[in-house]
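Asks: Here is what each chain is made of, one letter per residue.
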Amino acid sequence: MSESATPPPAAPSTRTAAASPAGPASPAGPASPAAPATPALTPTEGAESGQDQSEVFRGVSESAGPAGGPEAAAGPGAAAGSSTVGRGTVKGIATRSVPAFVAGDELADLADADLRIVVMTADLASANRLADFAARHPGRFFDLGIAEKNMITAAAGLASTGLIPFVGTFASFAALLGFEQIRTDCAYPGMPVRILAHHSGMSLGYYGTSHHALEDLAAMRAVADLTVACAADGNQLRAMLRASLAVPGAVYLRLGRGRDPEVYPSVPADFAFGRSVRLREGADATIIATGSQVHPALAAADLLAAEDCRVRVVDMHTIKPLDANAVLAAASETGCVVTVEEHSVIGGLGSAVAEVLVDHRVAVPFRRHGIADEYVLIGPPAALYAHYRLDPVGIAAVVKEARAELG
Amino acid sequence: MTRQAAATDLGRLADRALFIRLETLRLARIAGAGHYSSTFSAAELLAALYYHQLRIDPARPDWPDRDRFVLSKGHAAIGLYPVLADLGYFDPALLDGYTRLGSPFGDHPDMRKITGIDFSSGSLGHGLSVGVGMALGGRVQGRDFRVYVMVGDGELAEGQIWEAIMAASHFRLGSLVCIVDRNQLCIDGPTEQVMAVEPLDQRFAAFGWRVTRIDGHDLGAILAAFDDLAPPGRGAPQVIVADTIKGKGVRRMELDLNWHVGNLGPDDYEAVRAELMEGSHR
Numbered sequence: 005m006s007e008s009a010t011p012p013p014a015a016p017s018t019r020t021a022a023a024s025p026a027g028p029a030s031p032a033g034p035a036s037p038a039a040p041a042t043p044a045l046t047p048t049e050g051a052e053s054g055q056d057q058s059e060v061f062r063g064v065s066e067s068a069g070p071a072g073g074p075e076a077a078a079g080p081g082a083a084a085g086s087s088t089v090g091r092g093t094v095k096g097i098a099t100r101s102v103p104a105f106v107a108g109d110e111l112a113d114l115a116d117a118d119l120r121i122v123v124m125t126a127d128l129a130s131a132n133r134l135a136d137f138a139a140r141h142p143g144r145f146f147d148l149g150i151a152e153k154n155m156i157t158a159a160a161g162l163a164s165t166g167l168i169p170f171v172g173t174f175a176s177f178a179a180l181l182g183f184e185q186i187r188t189d190c191a192y193p194g195m196p197v198r199i200l201a202h203h204s205g206m207s208l209g210y211y212g213t214s215h216h217a218l219e220d221l222a223a224m225r226a227v228a229d230l231t232v233a234c235a236a237d238g239n240q241l242r243a244m245l246r247a248s249l250a251v252p253g254a255v256y257l258r259l260g261r262g263r264d265p266e267v268y269p270s271v272p273a274d275f276a277f278g279r280s281v282r283l284r285e286g287a288d289a290t291i292i293a294t295g296s297q298v299h300p301a302l303a304a305a306d307l308l309a310a311e312d313c314r315v316r317v318v319d320m321h322t323i324k325p326l327d328a329n330a331v332l333a334a335a336s337e338t339g340c341v342v343t344v345e346e347h348s349v350i351g352g353l354g355s356a357v358a359e360v361l362v363d364h365r366v367a368v369p370f371r372r373h374g375i376a377d378e379y380v381l382i383g384p385p386a387a388l389y390a391h392y393r394l395d396p397v398g399i400a401a402v403v404k405e406a407r408a409e410l411g
Numbered sequence: 529m530t531r532q533a534a535a536t537d538l539g540r541l542a543d544r545a546l547f548i549r550l551e552t553l554r555l556a557r558i559a560g561a562g563h564y565s566s567t568f569s570a571a572e573l574l575a576a577l578y579y580h581q582l583r584i585d586p587a588r589p590d591w592p593d594r595d596r597f598v599l600s601k602g603h604a605a606i607g608l609y610p611v612l613a614d615l616g617y618f619d620p621a622l623l624d625g626y627t628r629l630g631s632p633f634g635d636h637p638d639m640r641k642i643t644g645i646d647f648s649s650g651s652l653g654h655g656l657s658v659g660v661g662m663a664l665g666g667r668v669q670g671r672d673f674r675v676y677v678m679v680g681d682g683e684l685a686e687g688q689i690w691e692a693i694m695a696a697s698h699f700r701l702g703s704l705v706c707i708v709d710r711n712q713l714c715i716d717g718p719t720e721q722v723m724a725v726e727p728l729d730q731r732f733a734a735f736g737w738r739v740t741r742i743d744g745h746d747l748g749a750i751l752a753a754f755d756d757l758a759p760p761g762r763g764a765p766q767v768i769v770a771d772t773i774k775g776k777g778v779r780r781m782e783l784d785l786n787w788h789v790g791n792l793g794p795d796d797y798e799a800v801r802a803e804l805m806e807g808s809h810r
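Chains as they are written, first to last, in my numbering: chain A, 5 to 411; chain B, 529 to 810.
Note that these hints are calculated values from the structure, not bench results.
The reader is advised that the hints may include incorrect statements.
Unchecked claim - Cβ-Cβ distance ranges computed for the label pairs, FRET-style: (1) Asp716(B) x Ala408(A): 54 to 64 Å; (2) Asp716(B) x Ala367(A): 49 to 59 Å; (3) Glu359(A) x Asp716(B): 40 to 50 Å.
As the list claims (entries may be wrong) - Not the full set, but computed from the structure, chain A residues with beta-carbon under 7 Å of chain B: (4) Arg144; (5) Thr165; (6) Asp189.
A virtual CB, placed ideally from N, CA and C, is assigned to each residue, including glycine.
All chains should be modelled from the sequences, with the hints used to inform the complete structure.
Replies: Below you can see the structure in the form of structure tokens.
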């Protein structure tokens, strides 16, 4: 086995520029939430250029401005509308810009029938669209302010009274800042807290390492009595939220940046934690992907199919408990396994799959594809994905490298 | 309550405080060491809570409307276990295996293993956040229980505590009662030398809390502070700052840094036991 995270030798600046025709990010960037928000790109534009991260704090910046802010003059791709949420002080952002952030909407629907559901966030109700829940169930929504540790532990306290709290914040702050609270206060006492860890991986792009979570799966996977899963898109997230209601202990749900392109055309009815999904059949190799990397993995399989290489694609949405049978079947039936994740190659999906293979003495060409043991460059998300070969072209190249070992 | 009845009640509570101290000695001997002094400072507070104040029913440990108690200073669990056993939450004989391999009873309380523990604790600075969540849970469900959280003074240096203090007043959690066991010492020395916590009254008040400060070994004062609590509901959260003496009741342990965790030899054990028994009759 070998790591494939290190990009081919090329000057970072060259690769970044090549991957991002629009040029480097505006130096103004996200540093000033109070700066006038630029019009939101449509999801497709944003996903392709990767330049626009303005959705993250848009709601906050608008709340600081006068009423009838930028979204009032809705241009192409701009906010489709706004809603006043919470206590009427924070304006929502356009749901169109973060179509995969369906948790607020889905939980509001579920909460109509399930009185146990409460929702909490740490000053990110607009960014993560949990404001959609607040608007419909204000008495069961709590914004704890920028105090993630208190929020996670308080969620555990809420859970101890019979409720099911869903707690949303950036993955970096949920899993890394709040690690001990998740371990000691949620998982260890068996509290049914659901952590919605959004903007995971390096999806916050040029916000930089403080806002990246490339270690969260490694940390969360080591916690006993914790279910760990990654949503590939909004429809799968809805299925996960529904299924989570029956999980007795704590759950860590890893979400992307809300613009994740659609993998599942509808909410998968047969979703179950711990049961992976074979999205594409093929006999020449298997890509096992999770979360944000499922969609590019499918696109990589398309590229490879054009070269007559038929690749199985498995959505390993649940990192813990891992679907070991799917791993072993991939190895025995396709003879080559590549894991793909927006995470460090240490401790995440790749490590989990490697453990299964080694435990069963299975030796096949294998690549753990992800981010090497390093901090990633500054750059907009799409440029970073291309640079670190987590885009379709890069993933396809890694598969070909692995298959080359077959001789 | 008549004066005589009140006196009887105080005598009964003093007896239970002695019971807590004696059981702490016994369990620490089983384990080979124990948090004597942190438990001795809280003995009267624990006795007053469990034998007088808390709305609980040991026959229904999961009663949704029961008052909650969170021992944020989880290292005093050695004094809480005997109380729960005494009240009938579990067989007191189980405590004979305290800290032994596979025992439900460790140095810090585990709610999944011990009936009557409302929340697991041990990592300092977390308990008040748990209490905030419990109080919010009561509000969401329209229940009128109170949530009592006992924190040590040393753990007030944890930042998360102040997040919780801020949130409690923001959400107007009048059902939340924080009790500070102000026993003056943390492990490395007096709190005011290691990391100053005073003026506690002013700090809590500045965060929007209703503050009462009492002698935490004066059972009459403790009950009076409980009687003075505002009814649970929307309102200022309430804190009882209980000035106590770490190691209270055993002269060699009082305000002595060496007894945060300690172990008594056989001779000392009997001497300390005798001192506690004698002190209780003074």
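Asks: Of the numbered hints stated earlier in the document, which are not met by this structure?
Replies: none
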